[in-house]
Amino acid sequence: MNALDTDVLVIGGGSTGAGVAWDSALRGLHVTLVDRQDFATGTSGRFHGLLHSGGRYAVKDPGSARECAAENRILRQVAADCLEDTGGLFVSTPEDDLEYADRFLAAARAAGMEIEEVPVGVALRDEPRLNPKIRRAFRVQDGSIDSWKMISALLRGAQAHGAKVLPYHKVVKVIRQGDRVEGAVMEDQRTGEEVRVNAGCVVNAAGAWSGQVAQLAGCEVGVRPGKGVMVAINHRLARAVLNRCHLPSDGDIIVPVRTVSVIGTTDHPVADPDDTECSPEEVHQMIEAGELLVPGFKESRALRVWSGSRPLLPKTEGAAGAGDREVSRSHTVLDHGARDGLEGLVTIAGGKFTTLRLMAEDTVDVVVRKLGRGAECRTRTEVLPGSESHHFYWIGNRQQEAESDPPDDPLICECELVSQHDLDTVVARRPNWRLDDIRRALRVGMGPCQGGFCAFRVAGMLHQEGRYGRAEANSALREFVQERWKGVKVISWGAQARQTRLDRWIFEGVYDLEHLPE
Amino acid sequence: MGTDAVVLGAGTAGMVAALRLAAAGASVLVLAEGEGGLPLAPAQIDVLGYRPQLILDPLGELGGFLESRPDHPYRLIEAEEVGASLEWFLELSAPLGYTGSPHLNRLQPTALGALRPTCLVPETMAAGDLSGGGSVLVVGLRGFRDFHAPLLAENLSLAHPPSGAEVRARSVEVSLLGDPRDLRPQLLARRLEERPVLAELGREIRSRLEQEELVGMPAVLGLERSHEAWQRLQELVGRPVFEIPTPPPSQPGQRLQQHLFRALRRLGGEVRLGVRATGYRRAGDRLMAVRVVTAAREVEIPADHFVLATGGIGTGGITAGADGELREEVFGARVSRGGAPDQPLVEYMATQPLDRLGVEVDQEQRPLGAGGEPLFQNLWAAGAALAGAEPWREKSGEGISLATGYRAARLAGGARA
Amino acid sequence: MTELAWGAEAWSEVRASLDRCIKCTVCETACPVAAVTELFPGPKTVGPQAERFRTGGQSPDLSVDYCSGCGICSRVCPQDVRIAELNSRARSELKRERGAPLRDQLVARPGLLGRAGRPVAPLFNWAMANSLIRWAGERTIGIHRKAPVPRSTTRTFSYWVGHHVGTRSARRVVYFHGCSTQWYEPHVGQKVTAILEHNGYQVVIPKQDCCGLPLQSNGLFPAARKAVTRLARQLVPDGTSDLPVIASSTSCGLMLKREAREILGADSPELRSVSQRTYDIFEFLLELHQRGELRTDFKPVPLTVAYHAPCQQQNQLIGKPALEILRLIPGLRLVELDRSCCGIAGTYGVKREKYEIAMRVGEPLFADIQAEGPDLVACDSETCRWQISAATGATSVHPLEILHRAYGGS
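Residue numbers (numbering that gives the first Met the number 0), protein chains in the order written: chain W, 0 to 517; chain A, 0 to 416; chain B, 0 to 409.
To be clear, the hints were calculated from the coordinates, so they are not data collected in a lab.
Don't take every hint at face value.
[Stated by the list, open to error] Okay, the calculated bits of chain A under chain W, using three or more residues with CB under 8 Å as the criterion:
1) 109-119
2) 263-274
3) 306-318
[Stated by the list, open to error] Here are a few chain B residues that sit away from chain W, every Cβ distance over 10 Å (derived from the structure):
4) Leu17
5) Ile21
6) Lys22
7) Ala49
8) Glu50
9) Leu61
10) Gln78
11) Arg138
12) Trp159
13) Gly165
14) Gln289
15) Thr295
16) Leu327
17) Glu352
18) Glu400
Yeah, the Cβ is synthetic: ideal placement off N, Cα and C, and Gly gets one too.
Extracted from the complex, chain W is given alone in its bound form:
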């Protein structure tokens, strides 16, 4: 068995884990990060993409609002390349209490948010699809996050400071020496080989799966996965993030992310964080809810449906299990030494994407104290790779690039404007790409046709370059088609039903995928 030594072993390659890796690496610690799958495949890659201004929590949870407002400001400084500065609006729809709007404004100011009430006419001019019956509107600093870009930048930054990252490495055993965790054994999900990592400290950053990881170490973390359903609409219905100005509920945010508008979300407790099925009822609930913010929302083309599992931590867990520093109401660092008498293990639970940096800082502060070494946190000011120019990305970037691409760089995915060169660059980074990993990295297959045209191209090219064997290419294609079906089967109406028909005709009619040899 291969073995390696590291200061900090981070389990989980979502936003939290990537943030912890970046923070630790900047403090001069050697980090190894593992994930059972590709990075950003869990909750981080399955959220609505909102960079919170804090508005959503202003009234209900002022502490979280303050954190969001502060972290939002920091991320804009250090991670511009992963963000789009869409701005946001909180609007009082006819169903929202006007008195709440006053409380909202006061609470937002108290939380340190930049907020400005705008005349309804101005809001409607800026956002012509917005419900004309809104009665008040507030402009806030919401934005949208490209989660894959952010996590990728954090990991690349960590790697530049010596970190090692291992996707598709599932923890099969946590190594304990008495009441001390000394590392873990990972199984490579593609080769079956095992790797042993000896670590000074293990950080359980598995989010909604952190209960499962803690169990391997022999302790309990009472994380409760809460499923949230989201629906992507084919194009941008609004320029800014649209929020209902009321106490947060289901389906009250529409976030413009890249080419689509995402409506979210719901909150249902589930036993298994891998339960990502979306029921037709949940989908219809979202579609109906959208009508209140954008009349005609129902007629817009629903592109895809998915759900993610929030890593919810009951208040009791936070209070009882807090280490020596309960830093936040929205996330909690569990020092298992203080809590369970098990040294060498720290769990970071709860939290949200927007506060990933703060979560990492709080976590690594505990780790540094335990290890007895490591510098001060630097993530407040250290700019992530790719963000050096401090330019936010914007929706037209890819179109602009496609325009200037040389003519010998064909588009592979026409919906999301991914070129051959983009594909080559990404697959050169590491071996063993699943088509779904490439999708996350490049948005291949995430547009209107949901892979109908591009999946074949990517599989064929990777085969031609020797990255896939014949059978691998066939099964990669089958797997991708199957995976895409999961997100469209409950929205087979309107234009997407027509698209499904064309895609099936291509896969089954033109290629006869069904009768292809294994």
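Given chain W's structure and the hints, the job is docking chains A and B onto it.
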């Protein structure tokens, strides 16, 4: 100077019905929202390929197939008439060199290298029937993103035709038109009509040929002058050359479409595109006119006979609403799931809820109203508008369109007489 | 009216139609421009595909400027995506952000050129025929030196109208003649009037200005909107608010029928009313014929005429009524040209950087005409006639000139 027959839809079924009516002397107007599936389709004429086992004699096995699929559109038509429609098509499409027999499926490679059963193919694909095995040099074109010769050839080498014969395939890649570029299929097809470009391709292929008996390449061998391009390439290469269909857009599909459009024009018929039919006028049990939208206003187009060939869910002839409502858009004809399940299945490669969607018709192909009675005495449905088929999985699409379009014209003609 | 960076027009039905695109590529197979140049990546690419990447105020793509606006994509799209209309709006946004070159400002204002040329018509026409001056024009303002330009006339159509004693009748129509009739081809207007009067109509010809189409196709939307709204008012002189409005210029007729509302988002009570009542001259005559009201006292016209239905006529979705009417004329040998576009697309083909593209687009049509060698080419659109004549040397006429001849005119 009225119109005898209005055909709604310009896909295979609509064009077949229009051509048959026009050939019988009717003045025919085809109205369509846009071009149908023809410019996208491989232009192979499928009749029946899987039941779900591989079928070798489509017409011969039709009866057996219908026993397990009593809702299938083929139930409406005698096997002889299916055969007659195919014979008629062979004659009509002689300039494109269509060949094949309704009693014998050919096994032609797909762009992924599966061997796919189909019935009639144009001359440019004729040599690609590998039912009896063969050795093929698969030629890829660098920079053309919709054809991947190595994967195709490797898959094809594992194909097992029922004859037990062996299929061998090897791939090469050829650079054309200078360095690799983004070779869009339309542009490629046009350039391959130029003799020097074709000669370059021919030279390249010839120099890389080993023992292979056949040469397969993506179906981009010209558009207007494909016959010349294909013939010339065969001469240059010294082997039979055949085209392999690519994903949309399809050059063979466009060739067939142009051929059908021109044939109709020669018979005095007209195809009017961009026209959405929004309603109709009835008198008793007869359809008197359809209402269409022009640039300025809605107008009525009266006719004696009408054919509904607007397709199914893929082309918008039938729509599915978010609330689950299924609608035939022009006449509100009764829509059926054709025996498909109500809820989606997890497995993609299965019969899904909308896969067999279509209008319900009586034995005479007349769409039914809510009460189960024919909507009109003089409206007949054809092609993908009919419920009950899964054309892409069972490989039956063109056969259904040909046979039902052909029959719709006969029924309308009978009514006319 | 100020233009909004992210105005209501960005959220029209036209934009919403992008949701219906299933990427099928039918439009790409039919686009005559993409077929001949790699500078234009195709209607799907710059239309519904690019639209998902656009926001108001920042146009990420320039290649949409190579769309000629012929509208074939919208017509062949089986999903009713308003592709050409999306492109037209995107082009407008581009021009709004970056400014339109003087050349586009000039060709977009036919009245301006017409007025400038009229008093000195012989000189103007000489200048337009002078290759040195045309070369200078290409270098300085970007109008291709070989591009077809009309001949200016010393007597405008309105001058003729002022001296014309029309017939009086209870059956009346309003005639929308358009700029080319006014400034360059007054004989077309005279013949339209004669044909309508021959069929017992009194022809009301109000004073009228440009419909704004060239402004629109050059992306100058605010000016175009103003122009078409003004025209609509001019076309409703007292007591004519329910009369048919007859157009003899197909592209300008289409502007009134649909594009003003759909592409420009222009709206006024007069425009809505005129829009509903606008007829292409042959559409109107065919309806007369279908009611048995068209006079068919035709003299034989022993000519071979090749008919080309221009794109903007096809985009009216009324079939080819000129063809049906001309078929009634004895002795006339009529050849239907089965090609989509001549390339000119209004003012597209006169521009320096697009001239060659336009000529390649028209190549199959020109070849058919040359192979046929007809006595005349008939085409409903003025710019297409000029293009065809310039490219083939054939004499081209409006089909109503042939009808006029059949009625005994000269």
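Consistency of the hints with the structure:
1. 109-119: Coverage by chain W holds here, the residue count being 7 at a Cβ distance below 8 Å.
2. 263-274: violated (count 0)
3. 306-318: holds (count 6)
4. Leu17: 6 Å, violated
5. Ile21: The claim is violated: isoleucine 21(B) sits with its nearest Cβ about 4 Å from chain W, within 10 Å.
6. Lys22: 5 Å, violated
7. Ala49: For alanine 49(B), whose nearest Cβ neighbour in chain W is about 6 Å away, the distance does not exceed 10 Å, so it is violated.
8. Glu50: 7 Å, violated
9. Leu61: Contrary to the label, leucine 61(B) does not stay out of reach of chain W, its closest Cβ about 6 Å off (not over 10 Å).
10. Gln78: 7 Å, violated
11. Arg138: Holds, since 27 Å exceeds 10 Å.
12. Trp159: Nearest chain W Cβ is 47 Å from tryptophan 159(B), so the label holds.
13. Gly165: Fine: 47 Å to the nearest Cβ keeps glycine 165(B) off the interface.
14. Gln289: Answer for glutamine 289(B): holds, closest chain W Cβ roughly 36 Å.
15. Thr295: The claim stands: threonine 295(B) keeps its Cβ more than 10 Å from every Cβ of chain W (closest is about 47 Å).
16. Leu327: For leucine 327(B), whose nearest Cβ neighbour in chain W is about 43 Å away, the distance exceeds 10 Å, so it holds.
17. Glu352: Glutamate 352(B) is indeed farther than 10 Å from all Cβ atoms of chain W, at 16 Å.
18. Glu400: 45 Å, holds
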